[in-house]
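There are 2 protein chains.
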Amino acid sequence: MESIKLGLLGLGVVGGGTWNVLQRNAEEISRRAGRQLEVVQIAVRDLAKARARVGHDVVITDDAFAVVNNPEIDIVVELIGGVTLARQLVLQAIDQGKHVVTANKALLAQHGTEIFEAASAKGVMVAFEAAVGGGIPIIKAIREGLTANRIEWLAGIINGTTNYILSEMRSRGLTFDQALAQAQQLGYAEADPAADVLGHDAAQKLTLLASMAFGIPVQYSRAYIEGITDVQDQDIQIAERLGFRLKLLGITRRRADGIELRVHPTLIPSQSLLANVEDAMNAVLVNGDAVGQTLYYGKGAGEEPTASAVVADLVDVTRLHTADPGHRVPHLAFQPHSMADIPVLAIEQVRCGYYLRMTVSDQSGVLAQIAGELAKFDISIGSMIQEPADQGTATLIFLTHVAMERDINEAIGAIETMAIMRSKVTRLRVETF
Amino acid sequence: MESIKLGLLGLGVVGGGTWNVLQRNAEEISRRAGRQLEVVQIAVRDLAKARARVGHDVVITDDAFAVVNNPEIDIVVELIGGVTLARQLVLQAIDQGKHVVTANKALLAQHGTEIFEAASAKGVMVAFEAAVGGGIPIIKAIREGLTANRIEWLAGIINGTTNYILSEMRSRGLTFDQALAQAQQLGYAEADPAADVLGHDAAQKLTLLASMAFGIPVQYSRAYIEGITDVQDQDIQIAERLGFRLKLLGITRRRADGIELRVHPTLIPSQSLLANVEDAMNAVLVNGDAVGQTLYYGKGAGEEPTASAVVADLVDVTRLHTADPGHRVPHLAFQPHSMADIPVLAIEQVRCGYYLRMTVSDQSGVLAQIAGELAKFDISIGSMIQEPADQGTATLIFLTHVAMERDINEAIGAIETMAIMRSKVTRLRVETF
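These protein sequence lines map, in sequence, to chains A and B.
The working numbering numbers the first residue of the first sequence as 10 and each following residue consecutively.
The working numbering numbers the first residue of the second sequence as 10 and each following residue consecutively.
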């Protein structure tokens, strides 16, 4: 059978990895796909550098639009990242009747609705396994492997940089700044780490997973996003003594009144599988009503792990390339006319457990006053520890049962006005996955 | 679009679960599949019992061949288990041009080649996600999610009964017989536990995974199979002190000279993810050259977890039901004409680490004699502990570096003839996954 013709946009980390894997495993891949996957054109900024890497059998251009408009090309592989230009290129490729494979979570989280609609109208596929969880086939698991289930919730460690930083803070007692500097030295964090440490990258991925889990539109702007820049090492150490470990989790859950969609540092039991996903590894735990909990674990970033997902998409698209669109898996798991209009809940409506740490004046009756304030807001205390602090003060740590975020906010507001307080209240959310 | 018509063979644990899930999640499933999945006929042994369960809208019969020959039916769901009758029914369904979904690992491990050839000749699909790892979409991950990779090895806990027994032996100090009796009381083990505890069930599953990982024919008869019936609780406790945990693993690995295909009790580091898969849970760790290690975890058995995989297959088959066969994923991941003729290695050719425990006469020079015997066979010792035993004897435990099984066998044979020996040598294989 004739080879399928690929056009690559970008030959950076993921583009270079994709090129490597397609060359090295060409035989293994075509034994599976039933035909050759052939890169016929690559768009890059540095022509000489690209030429040195890929040799002379491939057309190289610095005009990305030349690739998306090339009539010979069947599938455009968008690996340049960014949003504005990537959006134009992807839409133009679709308009030219080409299938698209992309690793671009920022693009799809913000413009997924537009892009998927354009693709459906044109009868082409946009595949994006590499956009979430790197080489872990988590999108395939949710879109295809769990179709029997009403998915109840999922929770994932879907940003390797922050998981590495939190792992180092815990195991080596580093501060956030120290761990970040180390991550940057080792190449786990970029020079500008904002997208990772502020939680935006994780929220983009979570938004896509939530859409496929529940059959709701992509709603990145509705996600609650809290990164790890304010995490204090002392809370990691205290939590460890209490049997909990701190992870930056993306959590989405179906509730009677809407969908929770939130990224924030989360305490989970130390012996749980997710708590033991360390270093830069990723994992997603999914709860379906029939299957119960399943977990998917692997490398969430890096040249070849991400390329593994890109190439898996290429094989899938190659298989269904000439098939009637009705035979294909819907972009967001559910048929486009069957998407549900369930609201995304504001963070104030979320329910979980809470860890509250505060420094108070060390005098009698303090504990009763604070417990009384929590009780006013119907917040029930699961456990409490009191530790001596400096100069006539004490540190109190409360672990609450499940409560609503709005009530916790109000209780914290009330507590912080009390005369006995010697600090603000530090709050972390707690889950029992 | 018209509904897809299903015929169920069997309404036992998995059949009943499949019926439940199809009813309860009918809306969620058709929102994904784009059409209704409708059970139109069920074959069972006990008509009255089935009637009470499914009501009056479904035709019930005690003649399974009436279902496979029913011209109205698109997909036959084989959930009766066993081999002889199941084989006849599946082949007859294929001959009638029907697609087949089955959970029957014994059938496919023994007759997979014949069944997949018949299906390819007829242009129909045989889907079997439920045959391995219950609700974990592990077959989809290997067949589709990891197509970019040259898979190097995989290792899995793919029998929940034995994992439960080993977990209880370790955590509660039970003997094998005690843990088995408890597993039977709780319904985790059958009255006749042979297929589970002797390793046959795991070997059937492993054989299918190996075929899809490496593109080799299904070769159940070549698998090395060793169950857990001879596992002694003292070895579990000793291994724990050494930082290892005992699991019944299915392991298949590509070597220069062939494929390892083996099921046996295996010591793995206690802190590894696989070691922490406890109770009746399953997990499979796959190593691909591009993606590195990925892990898939979930419930490996049970009514609805297994039904989750059956229904996922039903949705997949429904999507591709009328598509040209060229658009479908090959049954064993690789195109039928691209299967490789790589030999399966005999157990004597396998390489791994070894744990050797023996009781010897407590006299000077004993350790040197045994170490000398191991050295003769080029077996290098990683660590050793000596413990006092009864009445002038000592227990020696050696952990070797990677060695070839043939050499270990010969060394053990030589050691057991030594005059200082007061016991046979207990041998466990060690891996570092």
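Since the hints were made in silico from the structure, they are not lab data.
Ideal Cβ placement from N, Cα and C applies to all residues, glycine included.
One thing to keep in mind: the hints can contain errors.
[To be verified] Cβ-to-Cβ under 7 Å is the rule here; a few derived chain A residues that face chain B:
1) ARG40
2) ARG44
3) GLN45
4) PRO146
5) THR156
6) ALA157
7) TYR306
8) GLU313
9) SER317
10) VAL320
11) ALA332
12) PRO334
13) SER347
14) ILE351
15) LEU354
16) THR368
Against the structure, the hints:
no.: 1; hint: ARG40; result: 4 Å, holds
no.: 2; hint: ARG44; result: 9 Å, violated
no.: 3; hint: GLN45; result: 12 Å, violated
no.: 4; hint: PRO146; result: 3 Å, holds
no.: 5; hint: THR156; result: 4 Å, holds
no.: 6; hint: ALA157; result: 3 Å, holds
no.: 7; hint: TYR306; result: 4 Å, holds
no.: 8; hint: GLU313; result: 4 Å, holds
no.: 9; hint: SER317; result: 4 Å, holds
no.: 10; hint: VAL320; result: 3 Å, holds
no.: 11; hint: ALA332; result: 4 Å, holds
no.: 12; hint: PRO334; result: 11 Å, violated
no.: 13; hint: SER347; result: 4 Å, holds
no.: 14; hint: ILE351; result: 13 Å, violated
no.: 15; hint: LEU354; result: 20 Å, violated
no.: 16; hint: THR368; result: 36 Å, violated
Checked against the numbered hints above, the structure violates hints 2, 3, 12, 14, 15, 16; every other hint is satisfied.
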